[in-house]
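Could you put together the complete structure from these sequences and hints?
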Amino acid sequence: QKEVEQDPGPLSVPEGAIVSLNCTYSNSAFQYFMWYRQYSRKGPELLMYTYSSGNKEDGRFTAQVDKSSKYISLFIRDSQPSDSATYLCAMSATTGANSKLTFGKGITLSVRP
Amino acid sequence: ETGVTQSPTHLIKTRGQQVTLRCSSQSGHNTVSWYQQALGQGPQFIFQYYREEENGRGNFPPRFSGLQFPNYSSELNVNALELDDSALYLCASSLRQGSLSGYTFGSGTRLTVV
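Heads up: the sequence lines are chains S and L, in that order.
According to this note's numbering, the stretch in the first sequence is residues 574 to 686, in order.
According to this note's numbering, the stretch in the second sequence is residues 4 to 117, in order.
The hints are simulated quantities; they were obtained by calculation from the structure and are not laboratory data.
All values derive from a computational prediction rather than experimental measurement.
Keep in mind that a hint or two might mislead.
[Said to hold, decoys possible] What follows is a set of in silico ranges between Cβ atoms, one per label pair, in the way DEER data are often shown:
| no. | chain 1 | residue 1 | chain 2 | residue 2 | range |
| --- | --- | --- | --- | --- | --- |
| 1 | S | Ser683 | L | Arg54 | 35 to 45 Å |
| 2 | S | Pro686 | L | Gly43 | 41 to 51 Å |
| 3 | S | Arg685 | L | Ala41 | 26 to 36 Å |
| 4 | S | Pro686 | L | Gly105 | 18 to 28 Å |
| 5 | S | Arg633 | L | Glu85 | 35 to 45 Å |
| 6 | S | Ser593 | L | Gly6 | 42 to 52 Å |
| 7 | L | Leu98 | S | Gly582 | 26 to 36 Å |
| 8 | S | Pro686 | L | Gly6 | 22 to 32 Å |
| 9 | S | Asp580 | L | Glu85 | 29 to 39 Å |
| 10 | S | Gly582 | L | Glu55 | 20 to 30 Å |
| 11 | S | Arg614 | L | Gln20 | 44 to 54 Å |
The beta-carbon is built from N, C-alpha and C at its ideal position, and this holds for glycine as well.
So, in structure tokens, the structure goes:
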């Protein structure tokens, strides 16, 4: 079993839809949770960063973390064609020395105009 | 110069050869991490360098090695290339160790081993 599992894709939605992206994890030591967006031929860019359980909102994006269920989600409201990209969840047990990110495999989202 | 720059962007090598990939960190960033992203997969942690010392390593064999220079630029070296080494290699720099929200990734080097 991989440490981080991400819902398989690809996912195609019409413009304006609400998108829900999800990851589960097995390592209870994970405390720091991130969502990255990766456009084709580019490196990942950080979208959302949360610590421990709870919700965090930034514009059209909301990140949710449920540590009791080992489950994280990213919601995208009013999706736009420019949101078409691969979305990666990432997690870490620590900050500081020896910290590293453990990623899910990513899901490719296509938003149709 | 802002951002993380990686070179070359694409590379084709033959099995058994050696390769060196380069990364220039974002200005002021003293920590660099390398990740391998196989096609259709998420990035996997290779290792991290802080102040020219390896500081954490993932599940990669010793033929994957690295260097960090006094200007915080970095190299990833891979010896005895195997077909499975074909992947996108990503470099990420951060202002300090463990600055998880401050990683800046480069666009990567696409390595193809034939």
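Verification of the supplied hints:
1. S:Ser683 / L:Arg54: 35 to 45 Å: holds, 43 Å
2. S:Pro686 / L:Gly43: 41 to 51 Å: For Pro686 (chain S) and Gly43 (chain L) the Cβ distance comes to about 26 Å; the hint is violated.
3. S:Arg685 / L:Ala41: 26 to 36 Å: With a Cβ separation near 28 Å, Arg685 (chain S) and Ala41 (chain L) satisfy 26 to 36 Å, so the hint holds.
4. S:Pro686 / L:Gly105: 18 to 28 Å: violated, 34 Å
5. S:Arg633 / L:Glu85: 35 to 45 Å: Check passed, 42 Å falls within 35 to 45 Å.
6. S:Ser593 / L:Gly6: 42 to 52 Å: violated, 31 Å
7. L:Leu98 / S:Gly582: 26 to 36 Å: holds, 33 Å
8. S:Pro686 / L:Gly6: 22 to 32 Å: Since Pro686 (chain S) and Gly6 (chain L) have Cβ atoms about 30 Å apart, the given range 22 to 32 Å holds.
9. S:Asp580 / L:Glu85: 29 to 39 Å: holds, 31 Å
10. S:Gly582 / L:Glu55: 20 to 30 Å: violated, 40 Å
11. S:Arg614 / L:Gln20: 44 to 54 Å: violated, 24 Å
In summary, the numbered hints that this structure violates are 2, 4, 6, 10, 11.
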